[in-house]
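First to last, the sequence lines map onto chains A and B. Residue numbers for the first sequence, in the numbering used here: 1 to 359. Residue numbers for the second sequence, in the numbering used here: 1 to 518.
Don't take each hint at face value.
Listed next, the stretches of chain B that the computed footprint assigns to chain A, with coverage defined by at least 3 CB atoms under 8 Å from CB atoms of chain A [as the list claims (entries may be wrong)]: (1) 91-98; (2) 184-198; (3) 389-397.
DSBU-like mimics (lysine-lysine), calculated; alpha carbons at most 35 Å apart, straight line [unchecked claim]: (4) K319/A with K197/A; (5) K319/A with K242/B; (6) K266/B with K248/A; (7) K142/B with K319/A; (8) K429/B with K319/A; (9) K93/A with K167/A; (10) K467/B with K321/B; (11) K266/B with K319/A; (12) K197/A with K248/A.
Because the hints were derived from the structure by calculation, they are not lab data. Virtual Cβ for every residue (Gly too), placed ideally from N, Cα, C.
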Amino acid sequence: MKLHLEDLEDLGRGAAFLGTGGGGDPYIGRMLATHAIREFGMPELIDVDSLDDDAFVCTVAMLGAPTVLAEKAACGEDADRVISLMERYHRRKIDAIVPVEIGGLNSMIPIMAGARLGLPVVDADGMGRAFPEIQMVSFNIHGVSCTPVVMLDEHLNSVVIETGTAKRAEELARVASIEMGCSVLVSLYSMSGLQLKQSAVRGTLTSALEIGRSIAAGRRTSDPVGSLVRFLNSSPHYGKCAEVFAGKVVDLRRETTKGFSMGHCTLEALDRSRRSMEVLFQNEHLVARENGRVKVIVPDLICMVDSESLEPAPVETLKYGQRLRVLGLRAPDILRTPAALAVLGPQAFGLSEPYQALS
Amino acid sequence: MRIGIDVGGTNTDAVLMDGNELLAGCKFPTTPNVSDGIRAAVEAVLGTSGIDAARIRCVMIGTTHFTNAFVEGKHLVDVGVIRIALPAARGIPPLMDWPEHLLARIGTHTRMVRGGYQFDGRLNAPLDEQAVADAAHDFRNKGIRSVAITSLFSPVKSDMEQRAAEIVAGILDGPSITVSNTLGRVGLLERENAAVMNASLAELSTRVVSSFRSALLDMNIHAPFYISQNDGTLMSAAAVEKHPVLTFSSGPTNSMRGAAYLSGLKNALVADIGGTTTDIGMLTNGFPRESSLTANIGGVRTNFRMPDVLALGLGGGSLVKCAGDTVDVGPTSVGYQLTQRALIFGGETLTASDIAVAAGYAHFGATDRVSHLSRALINSAVDRIHEIIADGIDRMKVSADAVPLVLVGGGSVLVNRPIPGVSEIVIPKNADVANAIGASIAHVSGESDHIVSYDTTSRNEAIEAAKREAILNAVRAGADAGSIDVLEIEELPVAYLRGGSVRLRVKVAGSLAAAGPA
Numbered sequence: 001m002k003l004h005l006e007d008l009e010d011l012g013r014g015a016a017f018l019g020t021g022g023g024g025d026p027y028i029g030r031m032l033a034t035h036a037i038r039e040f041g042m043p044e045l046i047d048v049d050s051l052d053d054d055a056f057v058c059t060v061a062m063l064g065a066p067t068v069l070a071e072k073a074a075c076g077e078d079a080d081r082v083i084s085l086m087e088r089y090h091r092r093k094i095d096a097i098v099p100v101e102i103g104g105l106n107s108m109i110p111i112m113a114g115a116r117l118g119l120p121v122v123d124a125d126g127m128g129r130a131f132p133e134i135q136m137v138s139f140n141i142h143g144v145s146c147t148p149v150v151m152l153d154e155h156l157n158s159v160v161i162e163t164g165t166a167k168r169a170e171e172l173a174r175v176a177s178i179e180m181g182c183s184v185l186v187s188l189y190s191m192s193g194l195q196l197k198q199s200a201v202r203g204t205l206t207s208a209l210e211i212g213r214s215i216a217a218g219r220r221t222s223d224p225v226g227s228l229v230r231f232l233n234s235s236p237h238y239g240k241c242a243e244v245f246a247g248k249v250v251d252l253r254r255e256t257t258k259g260f261s262m263g264h265c266t267l268e269a270l271d272r273s274r275r276s277m278e279v280l281f282q283n284e285h286l287v288a289r290e291n292g293r294v295k296v297i298v299p300d301l302i303c304m305v306d307s308e309s310l311e312p313a314p315v316e317t318l319k320y321g322q323r324l325r326v327l328g329l330r331a332p333d334i335l336r337t338p339a340a341l342a343v344l345g346p347q348a349f350g351l352s353e354p355y356q357a358l359s
Numbered sequence: 001m002r003i004g005i006d007v008g009g010t011n012t013d014a015v016l017m018d019g020n021e022l023l024a025g026c027k028f029p030t031t032p033n034v035s036d037g038i039r040a041a042v043e044a045v046l047g048t049s050g051i052d053a054a055r056i057r058c059v060m061i062g063t064t065h066f067t068n069a070f071v072e073g074k075h076l077v078d079v080g081v082i083r084i085a086l087p088a089a090r091g092i093p094p095l096m097d098w099p100e101h102l103l104a105r106i107g108t109h110t111r112m113v114r115g116g117y118q119f120d121g122r123l124n125a126p127l128d129e130q131a132v133a134d135a136a137h138d139f140r141n142k143g144i145r146s147v148a149i150t151s152l153f154s155p156v157k158s159d160m161e162q163r164a165a166e167i168v169a170g171i172l173d174g175p176s177i178t179v180s181n182t183l184g185r186v187g188l189l190e191r192e193n194a195a196v197m198n199a200s201l202a203e204l205s206t207r208v209v210s211s212f213r214s215a216l217l218d219m220n221i222h223a224p225f226y227i228s229q230n231d232g233t234l235m236s237a238a239a240v241e242k243h244p245v246l247t248f249s250s251g252p253t254n255s256m257r258g259a260a261y262l263s264g265l266k267n268a269l270v271a272d273i274g275g276t277t278t279d280i281g282m283l284t285n286g287f288p289r290e291s292s293l294t295a296n297i298g299g300v301r302t303n304f305r306m307p308d309v310l311a312l313g314l315g316g317g318s319l320v321k322c323a324g325d326t327v328d329v330g331p332t333s334v335g336y337q338l339t340q341r342a343l344i345f346g347g348e349t350l351t352a353s354d355i356a357v358a359a360g361y362a363h364f365g366a367t368d369r370v371s372h373l374s375r376a377l378i379n380s381a382v383d384r385i386h387e388i389i390a391d392g393i394d395r396m397k398v399s400a401d402a403v404p405l406v407l408v409g410g411g412s413v414l415v416n417r418p419i420p421g422v423s424e425i426v427i428p429k430n431a432d433v434a435n436a437i438g439a440s441i442a443h444v445s446g447e448s449d450h451i452v453s454y455d456t457t458s459r460n461e462a463i464e465a466a467k468r469e470a471i472l473n474a475v476r477a478g479a480d481a482g483s484i485d486v487l488e489i490e491e492l493p494v495a496y497l498r499g500g501s502v503r504l505r506v507k508v509a510g511s512l513a514a515a516g517p518a
């Protein structure tokens, strides 16, 4: 599978879709990746199964506050350095880079790093979407250690975290990132090819690309949402997809606590049926309830798109009167096991409703 | 006595106002040389009213000239771009995502140098003054005279932009310098783009301002003139020469402010229906609701404050097309050629105006030229026009409650039916010159912007002091002290600095003293 520079716009759109409202603005990621590709060339995109069991891979991502990332994104050399620190720590070469989070900005950072370092990028990730915390990753659920977590700021100052649990690593990394300027490059979840095969959410980079393409192509048809839903229902990587609501934003409340934005968005149906849907979001959408009844709940994906352009609508751009279509997408099976739900299911976000698969 | 002028892409409107009273208003086609259209319009209002030019106390001008020039890539100059952020932000160089046709105009003269701050005001790196000087020498050798300077987190701390501007000013001969913190918010690429856009208009802004000035002097008007900006307040001629981008969406703002004034409504929807487009916005307390999104202007991302306006491709000149049983209206339009190409004006093109005349609810042009149109066609087209507007209205409303709708602009004759979700439709008298009226009632603003510590000064005292300073600045800019209101108080906490530090910004506005009571 070969990526082209022109694919990045579709990939970014698909990544924003899979960001389920969060994940950071893929635009910045696309600019970073484009700049690196122009200088170093396009990295190779490889399948999980093409890796040897004893190959050595790690993730690369950006971590920080979205408003800070908008001012100060990665530099490039920080990606080189974070990988060389990881290699020095393990005393062996990295063979490939795998995205930790396909949703949003972090779909592009591995492509930037892969281009700069001449390393292949694996068509997979650890979330199949976007999640706000380091432990909410399929690798962690399958027992892959997230440490060492190597963090780097733009001055190439580094912090390496070693600790017992991914949750504790998250807490320490969050504090360190603030001191480091709230926008840092991070490499974590270093593992073998075999571990990746057992724990990856597969095919997600190509899924994001194809979702972006399907949205662009759908605009030229009479039923753009229908064609996107049909496409997603044929995807081998995600489960069922359905449009769960069409309406406009009639209420929006949000607050920022502990670095995470918490919000409620209420949509009302356009057909004057008085049906309404409330979507609760942290950094990403968590639960969509129609007239109080759960329609979609995390880890299934709640994807809001503009009703005409089908452009994904991130939470920071939601506004009154905006017309949206809400799509539910069943998360890949690997995220829906009891062990996975304990880490990234509704209760991990303080919701009281149990997980129920999108039907 | 004052004159309000709106220079649009199609028409130049002028109004003569005495206090609250409209003495005369008129509409002329915009001319390629903007000042001819202004002269024609101003002479017409003075002529009809019989008022002597010497009695004019001030002139307010709204113009989309700079927006159009930028979008079309006309009259732009080469820009030297300095970004002060290294070692940060080097992964995305300046101008990386600009369209080729604009880069062909402004060049790619970019320099990244060390400096800038972190999100909380801590130092990123000390300013590399030598590198700034080197960049300025390079620009001088290339004959560049307009420079845009952007430093990391300058909305939090702007002193490095100021220092770099001093260095550049000392090396280039009479340069025009734009510093980003005066234009945009946090978001380095978007703020830098706004600064570069502004710098690219440096020559045009000087030229246009001086042509406005000479057009007025030619008519023996010696009163000061002001230009309206995006937020509905006025800038002095000198300020526009420095910051032309701040006029970028003054057109919709003026029409909405004019609609508020003419209708007496402070909370309402406004639809400005022109020849090609309909702009729909929401008035809250007499001012347009602001958009929170990044705006794309001519293919360039920016983030300066703009009114939240929905533009629909419907206007008096919109083409009406039939395909089988379906009739569609717009988005293509005959635009300024309406008076030649529409059927009612003897042309061969079926437009939305022809439909309104044929349906019997608009009365202009030659009615007999549309008598051959079938009832079915007219009805479907009228349905479609109302559908498009109703749909736009519904998008801009914040709640299901019915809201009044004010219609302004020459195309307001297209509407004659109730619209769902609208409590009443108001078409005020003089709705066709609402833009110019909006410009004529624009206020003068003043700002205060400092980092203060609530540990050494109490919050109340600090805010009061900032208000006093902002009011003083507004009065210096020409505001009537008695009419000043506080528009916004913004407090941005600055952590890690000595205790309780915040960036405190206060903005006030009042009516122009020279304009007399409004």
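The hints, checked one at a time:
no.	hint	verdict
1	91-98	holds (count 5)
2	184-198	holds (count 5)
3	389-397	holds (count 4)
4	K319/A with K197/A	violated, 41 Å
5	K319/A with K242/B	holds, 33 Å
6	K266/B with K248/A	holds, 25 Å
7	K142/B with K319/A	violated, 46 Å
8	K429/B with K319/A	holds, 33 Å
9	K93/A with K167/A	holds, 27 Å
10	K467/B with K321/B	violated, 56 Å
11	K266/B with K319/A	holds, 21 Å
12	K197/A with K248/A	violated, 42 Å
In this structure, the earlier hints numbered 4, 7, 10, 12 are contradicted, and the remaining ones agree with it.
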